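Novice: The two chains are supplied separately, each in an independent frame; assemble them into the complex guided by the hints.
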Amino acid sequence: MIYYIIQILSIFLIAPFLVGIIKSIKMFMLYKRPISPLQPYFDFYKLLYKEVIYSKESSAVSKIAPILIISPLILVVFLLPPIFSGSFYVSFMDAFTITGLISLSTFFLMLLGLDSASAFGGLGSSREAFISALVEPAMILTIFSVSLMANSIGISKAALNLASSFPATHAASFVLAAISFFILLVAENGRIPVDNPETHLELTMVHEAMILDVSGADLALVELASGIKYAIFATLFVTLFIPFGTDLPFALAFLVFIAKLLIVSVVIALLEVNTAKLRLFKVPNLLGISIIFGFLSLITFYILGGVA
Amino acid sequence: MLGFDAFSLIFLLLIFLGVFPNIFYTFGYLPHIKRKTYFLVNYFAFIISMAGVVLAKEILVFLFFWELMSLTSWQLILTENTKESREAGRFYFLMTHLGFMFVLLFFLILSPNDLSANFSVLKLYAQSFKYPTLLFFLIAIGFLSKAGVVPLHVWLPYAHPAAPSPVSALMSGVMLKVAIYAFLRFMFILPAWQLEWGIIVLFLGAITSLVGVLYALSEHDIKALLANHSVENIGIILIAIGLGMIFHTLKLDTLSAFSFIAGVYHSFNHMSFKSLLFMTAGSVLHQTHTKNMEKYGGLIKLMPITAFLFLLAAISITALPPTNGFLSEWMIFQSMLSTAGISDISLKLSFGFTIFALALTGGLAIACFVKAFGITFLGLARSENAKHAKEVNILMLLGQMFMGAVVIGLMIFMPSIIKAINASMPINNIYDKMFPNYFVMHSVAHNFGAVSPLFLLVALIGITLMVWLAYKVINPKVREYHTWACGYDTNAKLQYSTTGFAGPIRRFFTWLYKPDVHEHKEILYGHKTKFKSSMYEVHVKPLFERSLYDSVKKAINYITYIVYRASHFEKERYSALIFNLLIFILFSMRVFYHEVSWGSILLEGVVVSIFVSIILFGERK
Numbered sequence: 001m002i003y004y005i006i007q008i009l010s011i012f013l014i015a016p017f018l019v020g021i022i023k024s025i026k027m028f029m030l031y032k033r034p035i036s037p038l039q040p041y042f043d044f045y046k047l048l049y050k051e052v053i054y055s056k057e058s059s060a061v062s063k064i065a066p067i068l069i070i071s072p073l074i075l076v077v078f079l080l081p082p083i084f085s086g087s088f089y090v091s092f093m094d095a096f097t098i099t100g101l102i103s104l105s106t107f108f109l110m111l112l113g114l115d116s117a118s119a120f121g122g123l124g125s126s127r128e129a130f131i132s133a134l135v136e137p138a139m140i141l142t143i144f145s146v147s148l149m150a151n152s153i154g155i156s157k158a159a160l161n162l163a164s165s166f167p168a169t170h171a172a173s174f175v176l177a178a179i180s181f182f183i184l185l186v187a188e189n190g191r192i193p194v195d196n197p198e199t200h201l202e203l204t205m206v207h208e209a210m211i212l213d214v215s216g217a218d219l220a221l222v223e224l225a226s227g228i229k230y231a232i233f234a235t236l237f238v239t240l241f242i243p244f245g246t247d248l249p250f251a252l253a254f255l256v257f258i259a260k261l262l263i264v265s266v267v268i269a270l271l272e273v274n275t276a277k278l279r280l281f282k283v284p285n286l287l288g289i290s291i292i293f294g295f296l297s298l299i300t301f302y303i304l305g306g307v308a
Numbered sequence: 001m002l003g004f005d006a007f008s009l010i011f012l013l014l015i016f017l018g019v020f021p022n023i024f025y026t027f028g029y030l031p032h033i034k035r036k037t038y039f040l041v042n043y044f045a046f047i048i049s050m051a052g053v054v055l056a057k058e059i060l061v062f063l064f065f066w067e068l069m070s071l072t073s074w075q076l077i078l079t080e081n082t083k084e085s086r087e088a089g090r091f092y093f094l095m096t097h098l099g100f101m102f103v104l105l106f107f108l109i110l111s112p113n114d115l116s117a118n119f120s121v122l123k124l125y126a127q128s129f130k131y132p133t134l135l136f137f138l139i140a141i142g143f144l145s146k147a148g149v150v151p152l153h154v155w156l157p158y159a160h161p162a163a164p165s166p167v168s169a170l171m172s173g174v175m176l177k178v179a180i181y182a183f184l185r186f187m188f189i190l191p192a193w194q195l196e197w198g199i200i201v202l203f204l205g206a207i208t209s210l211v212g213v214l215y216a217l218s219e220h221d222i223k224a225l226l227a228n229h230s231v232e233n234i235g236i237i238l239i240a241i242g243l244g245m246i247f248h249t250l251k252l253d254t255l256s257a258f259s260f261i262a263g264v265y266h267s268f269n270h271m272s273f274k275s276l277l278f279m280t281a282g283s284v285l286h287q288t289h290t291k292n293m294e295k296y297g298g299l300i301k302l303m304p305i306t307a308f309l310f311l312l313a314a315i316s317i318t319a320l321p322p323t324n325g326f327l328s329e330w331m332i333f334q335s336m337l338s339t340a341g342i343s344d345i346s347l348k349l350s351f352g353f354t355i356f357a358l359a360l361t362g363g364l365a366i367a368c369f370v371k372a373f374g375i376t377f378l379g380l381a382r383s384e385n386a387k388h389a390k391e392v393n394i395l396m397l398l399g400q401m402f403m404g405a406v407v408i409g410l411m412i413f414m415p416s417i418i419k420a421i422n423a424s425m426p427i428n429n430i431y432d433k434m435f436p437n438y439f440v441m442h443s444v445a446h447n448f449g450a451v452s453p454l455f456l457l458v459a460l461i462g463i464t465l466m467v468w469l470a471y472k473v474i475n476p477k478v479r480e481y482h483t484w485a486c487g488y489d490t491n492a493k494l495q496y497s498t499t500g501f502a503g504p505i506r507r508f509f510t511w512l513y514k515p516d517v518h519e520h521k522e523i524l525y526g527h528k529t530k531f532k533s534s535m536y537e538v539h540v541k542p543l544f545e546r547s548l549y550d551s552v553k554k555a556i557n558y559i560t561y562i563v564y565r566a567s568h569f570e571k572e573r574y575s576a577l578i579f580n581l582l583i584f585i586l587f588s589m590r591v592f593y594h595e596v597s598w599g600s601i602l603l604e605g606v607v608v609s610i611f612v613s614i615i616l617f618g619e620r621k
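Chains as they are written, first to last, in this note's numbering: chain S, 1 to 308; chain V, 1 to 621.
By construction, these hints were calculated from the structure, which means they are not laboratory data. Since the structure is predicted, the reported quantities are computational estimates derived from the model, not experimental observations. Beta carbons are placed, not taken as given, at the ideal position from N, Cα and C, and that holds for glycine. Be aware that one or more of the hints could be misleading.
Stated by the list, open to error - Derived lysine-lysine pairs resembling DSS-like cross-links, with alpha carbons at most 25 angstroms apart: (1) V:K493 - S:K56; (2) V:K514 - S:K282; (3) V:K301 - S:K63; (4) S:K46 - V:K553; (5) V:K83 - V:K472; (6) V:K83 - S:K56; (7) S:K56 - V:K477; (8) V:K472 - S:K63; (9) S:K56 - S:K26; (10) S:K63 - V:K493.
Said to hold, decoys possible - Beta-carbon label-pair distances, calculated as ranges: (11) V:N475 - S:V266: 37 to 43 angstroms; (12) S:V175 - V:V478: 49 to 55 angstroms; (13) S:E202 - V:V478: 26 to 32 angstroms; (14) S:L270 - V:V478: 39 to 45 angstroms; (15) S:S91 - V:N393: 46 to 52 angstroms; (16) V:Y131 - S:F88: 56 to 62 angstroms; (17) S:I263 - V:K301: 46 to 52 angstroms; (18) V:P436 - S:G288: 38 to 44 angstroms; (19) V:P436 - S:T199: 49 to 55 angstroms; (20) S:L304 - V:S416: 41 to 47 angstroms; (21) V:R507 - S:L38: 38 to 44 angstroms; (22) V:E391 - S:S91: 41 to 47 angstroms; (23) V:A470 - S:L304: 46 to 52 angstroms; (24) S:E202 - V:G341: 51 to 57 angstroms.
This is chain V alone, in the form it adopts within the complex (with noise of 0.2 angstroms):
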């Protein structure tokens, strides 16, 4: 039934990574929480369901698993009862069972008459299964539209932040690179992978991840804006492992292993710094009451440790020298530049647009955490709940600054780290040759790619160090006074805002985000520049949502309509029905035994066009 080999335990260590700090960290959120024993309850379902999934062994088993999983974390996302939990929880249920049915459809293609069959069974059967490429799309939607893949990806965002703030972390953290586990974990099944295949997953990345980053830039919520980022990260993970697919299809094993291994140690990465950013969004929002990022500010002076620990997540996540998230980030990069022994030209140009579009997301991704930093923890509080914030309780702390030493402990250990993941999957071993010592990781490729990380941090902290020390030595003399401001009072109301600071990039993107702007200002005396009162704000709708899902809610609402239609009939209906159908009898009967005359069908054919016009457009009042 259950059973692990090593890349289940590869996927329980993140696990296990991901849920100790955090169970601290729920046990202090807990007093915040009405309904204790129905959340406790199904939080720690929801973590040995997740536990489960990576070591079943047999389909049944891993489907009671997977589905536990989602019912669990619907549950959880139902904890508060609220308006929104509530719709959020009724988008997830859909779409997550949308994908367990392909996944189940998956099972019962392979595995017709043996639902219990183990997984080395299944590979056989998947050996001599006629149309992999079937299989190889029930897997990629079934799976990657729980792990949030463009166009799937539209329950993410609101899903992920109706559920209370351990449980946002985890899911983000962690049950999404379950789902990358299962996609992986059948994709080792299938045989004879095709270069398309390949092609799809990379082209799925490069757009969630520019997706995802656009949609982050233009929240102000902040837990909706980690959630997007989710998404982004998701698609850098499936960028490497469709580089991994194609290198293997090409025959370049070696750089399909290094490809392989970065997207599973981005996996552990986005683990790291996703929880911790959700763990200190939720302590913001724990003390301040709200998740409107416009509402925050100067918060660094109130929870200092809160502060820094989003500080090194956000550094982290924006792929910012020396932490792990540019080392997974600079190993994806690096596997993109291996275009040597590609052939074809227009496949080592989508290399070039995957790294167009991977950089201009690590470009947009810096600024976004510049706002999302420097909104909420600098300069002023923005509303009165933010001025009264403090730090939150020991428990919290504890569970945060744990997460803190899993990024930090992400980076320092990486070489170990590598070496596992490397030694877990069906992959070349090429970890004597990305370190042929401790300190210094090569490229495989041959372009002398190389990054040395423990090297990179010593010598920035020296430096800095160094320039500290030298400053201490000038020892400044400082003063304090208040910010200029062109001689007004210096207030919460001149800093810039999360919409004020993303409006040229909005601006820049309009075309795609449509933006509804509602404006409202109190004119005086005709003057266009005076006003008494003004508001301006912005709402981005996302575009999958509004032309994918809202016209697919519409033309179900259309069908549903017509069908209801066709069975609510007014009686004139339903008599010229039995009308018509009467009249079509005693045709056919006369066509039937030669009797027709152009008459009678001239004649029958006006009482016919009469009723039919009943039937369309009822009685004529």
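For reference, chain S alone in the conformation it holds in the complex (with noise of 0.2 angstroms):
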């Protein structure tokens, strides 16, 4: 159970400070003077006691919505595989709950955009509300490919079972199933090549469109519910398709646990600079992949004889 609260903490703890590294990585490499990766640390301490300002046209739904976006997202934190074998897991919850609290999640992120009767608010929930419509098959159709591979829907159970005998007769399937959900990483979190997290661009903008008019400790709230998001799925990613070190010690495999996150955070950074930002229509291409790649996974999987 230790363990468990440990994991649990250590995820709230690092969410921010992923989203910094990302940036200040792309900074560095972008050759400007890079910020701190701790940045988002104090700028969630700033807008905590600053004054939140609510539009006069916005209604409640704006003033409950930033609670309502961050507390699934708090409970799929609960939710996660364990990155130790020796410690609880959550067994009652599989990987279609998963979904469908950060898809709750995004459902009233959508809403607080549309609430405050600006042109940028549902500018950005419409865009948002086409990209996961197509976010979800795919996500669905992986999901079921590394449940068949691990011969579980429970998504710790299907962590540990990959992580201790890994089935490596579909290795393709496995591999076509991780970069499906890599691809699916980069677009739920709003990261380049689908949106750019860092422009206040109106023919660009997706999440930022959407929480323009949050203010202060709400905004503070909005922007951790998305340092978690980034979190969550960068923890699903390495428990899932990068499953090795949770035999070890605990120190150790919790070691080796934020070595592959920050690992995954440095890729992403560095695809973000070397790509060039999608526009909005041609999105769907890339989320194509995703589908298709699932579909692969699962195809390979079948031809290869698996039972499950």
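Specialist: Given below as structure tokens:
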């Protein structure tokens, strides 16, 4: 139980750091003077005590949505796969619940965008609705495929199964599913090439447009939520698709986990520096690749004689 | 005559849960209706007929109530005597009787001599019937056309919105489930199910759910949007039923039971949230006097209770946890994951495709209900009527709240409902396997799927409260000010419209929608970007209606035209026809007496060709 609590606390604590390190690596690569990776913590603290401005056009939704955006994501952190094989994990919730909770958070985020009667909010919500509608099938297909390989849809059990007995015969499906999930990781967290988290340009912004009218402590909550969401996806990616290190002693397993998270973040940062943002109507092509890879993973699994 | 078994009772419960809140709502809505007696007589006859269909135990009684259900709902569509409702009524009348024809044919074929046979006798007849596939098709077309399955769904988005709102709620929420009941009831009568039947139903379900949600997204009439979502949800129910049939033929009885339960449980859920959505949408319509969502906006401030209940139903219909919609969709996903007992790779892959269809449907449904809730209730009012809306009267509110309670009740008391559904159908008892304890629902396949609805609910509420408390402890300073609109006045025109919101999706699916776009712009001084006024209108006519129905209409028109032409000749053609006939008789007589010469054949040929051309083209003017 103590390992479980340590894991959850560490995911909460490291979430802003991961966002910060991506930003600072990107700035370094672009020959700017990098910000400290700890900057998101300072921002969070600063925003928490700033004045909150509610728009006169908005309704109660603006007041409760930030809380409802973050609370499903907090719950998801409790359901994530264990990083250490001896630790407690939640066995009575499965992968569909996790995707559902993430969608619930996105649902309120989109409503928040529409509440302030601003053109930007609607623009962001509309685009987010478009992208997340296409993310959903890819996500479920990938999860389906992984659950077949791991012989369990319960995500924690699946991660442990993959770590203890890696399905070497299905390495091809495994890699295809991993690529598909990585695209989803990029798309769901609004990174380049799907969305650019740094700009406030109406041509390109998606996530930033929705939260344009949010300020102060509310903004702190929403920013923290997006950090946690990134940490959730990164944790899922490293526990499901880089499944080793859980059998080590806890301290080592923890270090391995943190190292894996950092590696994923560095890869994302490198990817962001080296690609251009896609036009909104090109994004379905990218997500289409993800869907196709999900299917291919499933087909290879069946053809290579997977029984599950 | 009438009788009940467990399966009737479970659907009677469904009807009761759907009707009870509806009656409150109807009496609140009544002042809005001009022909009150007409409406009430039909309304109650409609309710009684639905209960009658479920309770009927003999063919004739069943047919009587089935037809009564069609006729009363048809009359209810015509309550408000407008051009729109008359057209919808005519379409509905035609389609529902097309379905009735197949239902009747099913009974006539199965029991030709005895139309008052009991259903248990009917089962014996079915067992000795040689062509069960014929019966399956008759049932499928007859009952599923009533349920609104693609491609027989086109009437639904016209008929349901045309009726008064409480009736739309009943038709979408309850009547479609009665059709599902009839389909299941007679499927269980048939012996020797074939694998192909299940695959057909699964395929129809997948297509129906996608088509429903895609056309819902393109709607800006709120009730038509909801009606299209009914099509979608019927598709989801059919996916579950199709899976159950496939598993049944493969002798995977536990899985089959799981899928059937998922289907019936989703019927319950759809009844609850769709009724609630139609009621709340009806309240909005009641206050704003328009169904056009482009005229709504900001209603959450004026109608907070209605808005909250709409939100509850919207979260439920989009299958977001922890609502009942999520639980039934979870069950359907779980049954699709259980491919372990299937050896056929193509069948396994078809499950993969269905998962894709269902997941895409879920994603698009979220987009659609963000649009429906966001544009209707959030932001600023887009019309005068929306500015002066107020909360509806207490009876309507009561009806909505009761229905909200049904939604929440179906979520909280899920294990008991599953138990009842399981006991009602001729399937394996899997309740103990699904619920080792009351709090966690397990998948019956060996893949450790599990969800705990109550834990989810409590945890979400708990975490939300804790975050809220932390927020209160910090207690940030609050100021109110207008939304920044780049230096212009913040007004309603700056907001996104429904058309705009669905824009990216419409553009992506433009090959399917083929939208009619009307654009009008008055440009100032030749600048493309500066204009005095502009108008942009998109209308999407469903593909099925355009291709299937319009071409059938065209073909019928063409045939009737030919028949008309053939029966209304001018006198020249009549005489040409008579003359031709005369020559033909004379010619055959000479053939008969062997008096044929080439010269006369040539001569007669010329004469006949002249007269044939007269028949074909009429007299040359």
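Novice: If a hint holds in the structure, say so; if it doesn't, say that too.
Specialist: Structure-based check of all given hints:
1. V:K493 - S:K56: With Cα atoms ~16 angstroms apart, K493 of chain V and K56 of chain S stay inside 25 angstroms; holds.
2. V:K514 - S:K282: holds, 20 angstroms
3. V:K301 - S:K63: holds, 13 angstroms
4. S:K46 - V:K553: violated, 67 angstroms
5. V:K83 - V:K472: violated, 55 angstroms
6. V:K83 - S:K56: violated, 41 angstroms
7. S:K56 - V:K477: OK: K56 of chain S and K477 of chain V at ~16 angstroms, within 25 angstroms.
8. V:K472 - S:K63: holds, 12 angstroms
9. S:K56 - S:K26: violated, 38 angstroms
10. S:K63 - V:K493: Cα-Cα ~24 angstroms, so holds.
11. V:N475 - S:V266: 37 to 43 angstroms: holds, 39 angstroms
12. S:V175 - V:V478: 49 to 55 angstroms: Because 51 angstroms falls inside the window, the suggested range holds.
13. S:E202 - V:V478: 26 to 32 angstroms: Since the Cβ atoms of E202 of chain S and V478 of chain V sit about 28 angstroms apart, the hinted range of 26 to 32 angstroms holds.
14. S:L270 - V:V478: 39 to 45 angstroms: holds, 42 angstroms
15. S:S91 - V:N393: 46 to 52 angstroms: Once the Cβ atoms are compared, 49 angstroms apart, the range 46 to 52 angstroms for N393 of chain V and S91 of chain S holds.
16. V:Y131 - S:F88: 56 to 62 angstroms: With a Cβ separation near 59 angstroms, Y131 of chain V and F88 of chain S satisfy 56 to 62 angstroms, so the hint holds.
17. S:I263 - V:K301: 46 to 52 angstroms: Holds, at about 49 angstroms.
18. V:P436 - S:G288: 38 to 44 angstroms: The hinted range 38 to 44 angstroms holds for P436 of chain V and G288 of chain S, with Cβ atoms some 41 angstroms apart.
19. V:P436 - S:T199: 49 to 55 angstroms: Between P436 of chain V and T199 of chain S, where Cβ atoms are some 52 angstroms apart, the hint holds.
20. S:L304 - V:S416: 41 to 47 angstroms: For S416 of chain V against L304 of chain S, whose Cβ atoms are near 43 angstroms apart, the range 41 to 47 angstroms holds.
21. V:R507 - S:L38: 38 to 44 angstroms: Holds, since R507 of chain V and L38 of chain S (Cβ atoms, about 42 angstroms apart) stay within the stated range.
22. V:E391 - S:S91: 41 to 47 angstroms: Between E391 of chain V and S91 of chain S, where Cβ atoms are some 45 angstroms apart, the hint holds.
23. V:A470 - S:L304: 46 to 52 angstroms: holds, 50 angstroms
24. S:E202 - V:G341: 51 to 57 angstroms: holds, 53 angstroms
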